[in-house]
Amino acid sequence: MKPEIRIRTHDFDLFYGAHHALKSVSLEVPANSVTAIIGPSGCGKSTLLRSFNRMNDLIPGVRVRGRVELSGLDVYAPGTDVVELRRHVGMVFQRANPFPKSIFENVAYGLRLLGVNRRAELEARVETSLRRAALWEEVRDRLGRSALALSGGQQQRLCIARALAVEPEVVLMDEPASALDPTATARVEELVLELKSRYTIVVVTHNMQQAARISDTTAFMMVGELVEVGETRSLFTRPRQKLTEDYITGRFG
Amino acid sequence: MPQAQPEPGRERVLRPLHTGRPALRRRVWDACFVGASGLSAFVVMVPLALVVWHLLAKGLPELNLDFFLHLPKPVGETGGGMANAIVGTLILVGIATLIAVPVGVGAGVWLAEFGRGRLAAAVRYTADVMSGIPSIVVGVAVYGLVVVPMGRFSALAGGVALALLMLPTIIRSTEEVVRLVPRSYREAALALGAPRWRTTQDVVIPAASAGIVTSCLLALARASGETAPLLFTALGNRFWSLRVDQPMASMPVFIYDYARAPYDDWNRQAWTGALVLMLLVTLLSALVRLTTRRAPRP
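If you read the protein sequences in the order shown, they are chains B and D. Per the numbering used here, the first sequence starts with residue 1, numbered consecutively. Per the numbering used here, the second sequence starts with residue 1, numbered consecutively.
Keep in mind that the hints were calculated from the coordinates and are not lab data. Check before you lean on any hint, since a few could be wrong.
Claimed, not checked - Cβ pair distances, simulated, as ranges:
#, chain 1, residue 1, chain 2, residue 2, range
1, B, G61, D, Q246, 37 to 45 Å
2, B, R131, D, P182, 27 to 35 Å
3, D, A122, B, R67, 39 to 47 Å
Unchecked claim - Selected chain B positions facing chain D (in silico; Cβ < 7 Å):
#, residue
4, T80
5, R86
6, G110
All C-beta atoms, glycine included, are put in the ideal place defined by N, C-alpha and C.
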C-alpha cells in the first residue's frame, strides 16, 4: 500500500525579491515518518521548510509560485487562514527560543491561544506534552520556574513540548540540534524517533550522519533545487545523482 | 613532522612571557585610559552630589510634619506647609500619566511592530519635533486649546500640558525597547498559531515591559518638575482643591513663587519644597520599579 502523503509541493518556486531561492521543487512527505532535508548552507532547505507553515510570509518581498499542499489542501490558496495552518504545522527552531515565562506557561501558551483556560485541563495537557518531549521527569517539580534557567538541551526539548501541546499533524524542525552538545543531540534524536508514530516530522539538518540516523526519507537540495529524494538508506548507499554522491562522500559542501 | 627551529629574527620580536611586568608603554596607556574614564564617571556624580547636598543643607531645617499636613500661611505668618501642592502635583502628574502612557506606549509599539511607510515616518517625525518644543510653548499652546475654551485655568489643562511633554519620550523609547525584543520570540509565537496582535500582546510587550516602564518613569520624573507649562494651565492655588476643572497647586509652581518672593520665610520654604519634590520623584520611581519587578525568575 502506498503511504499517505502529508505534505506535497508541486513545481514550487520562491523568490526573495529578485533572488530565486527555490526552483520548481516537487517533494512528497509521507505521513507518520521522518523526512530529512539535507544540503549545503544556503541551498534553500530552511526556506523550503518555512514554506510549509508560511513563516516566510514574515519576510518582506517574498513571492511564491506553484503549490504546497497539506493533507491535500493548498496552503498558499487565497483566503487561507495562516494562523489556523500554523496550528496544524508546528515548528522547532535552530536555537531554542523559549518565552521568558515559566516552564508551565511556555507549554501552555499554544493551548491558551486555542482558548483552553481551565487549570486542570491545562495541567493535564502540559504534563502530556512534557512527557512526550521526554522532559517531564526533569522539570516536574519546578514548572513555575523560568524556562530560561534550563540548559540548552532542555530548552530545546521544552520548545518541542510547546509545539506538541497543540496537537499538530506536522512538526517542522529547523536544525534542532545544531546548537546542542552531543549528549543533548542524542536525546533530541531519540525523541524524534519516538514522535514519528504520532506526527509527521520534517527535519532540516546539515549533519548527514544525523539524517541517516533518524530519517526514513531524505531529500538532497542544492542552490534552490531538489536534486534527489528517496528512501534514506538507498540515498546514502546508492545515490542516483552524481551531485548527491559527491555531497554525501564529502567532496564538497 | 619535527618541530621547526624558530625562524631567524623571531626571538627578537617575542619578549619573554614571564617577566612579571607588562611593557612600560602598555602600562602607561592602560593607566591613562582607566584614569580618564574613571574621572569622567566621577564628574558625572559631582552635579548630583552637589544638588543633593545643597537641598539637604538648605531644605532640611524647615522640613517638619507641618510641611506635609498644612496649607500655606498668609504673608506675615510663619510656618504652614504645602500639602495642597504635594497632592496637586500627584494629581497633575496622574492625569498626565493617564493620558500619555496609553497613547505613548500604544504609538511606540505600533511604530516598532506594525508601522510602515509614510504614516510611520510622519509619526516618528512628529514625535521628534514634539520633543524639541520648549515646554513654555507647550504651556501657551494648551492655554489656547484648553484654558481659553474652558474659560478658566484648570488641573485638567495642566495635565494635558504635562502629557504633551511626556509623549515624545515615551513613544520613541518604547519603540526602541520593543525593537530590541529578539525576533525568535515573535517567530515562536507565530509558529504556534498566534495572530500578530496576540504575539505583540502576549510575548513582545511582556518581554519589553521593563524597558517600557523605565521610559515612562523617565518621562514622569521629568514632567513632575516642569514649571513653565503649568504657569498658563494649572496656574496654582493657595487653598485646598481636588477639582480637576479648577486651578490646582503644584510643587514646581510653589517653589517658583516662593523662591522669588521677597520674604525670607518663603525663600526657606522654597528650598524645602525643592527637597520634597526631589524625594517625591525618587520615591515614585522606587515604587514603580518595585511593583513591576517581574516573576518568574530563575
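Comparing the hints with the structure gives:
1. G61(B) - Q246(D): 37 to 45 Å: For G61(B) and Q246(D) the Cβ distance comes to about 57 Å; the hint is violated.
2. R131(B) - P182(D): 27 to 35 Å: holds (29 Å)
3. A122(D) - R67(B): 39 to 47 Å: Holds - the Cβ-Cβ distance for A122(D) and R67(B), about 40 Å, lies within 39 to 47 Å.
4. T80: violated (13 Å)
5. R86: Result: holds, 4 Å to nearest chain D Cβ.
6. G110: Because about 4 Å separates G110(B) from the closest Cβ in chain D, which is inside the 7 Å limit, the hint holds.
Hint compliance for this structure: hints 1 and 4 are not met, and every other hint is.
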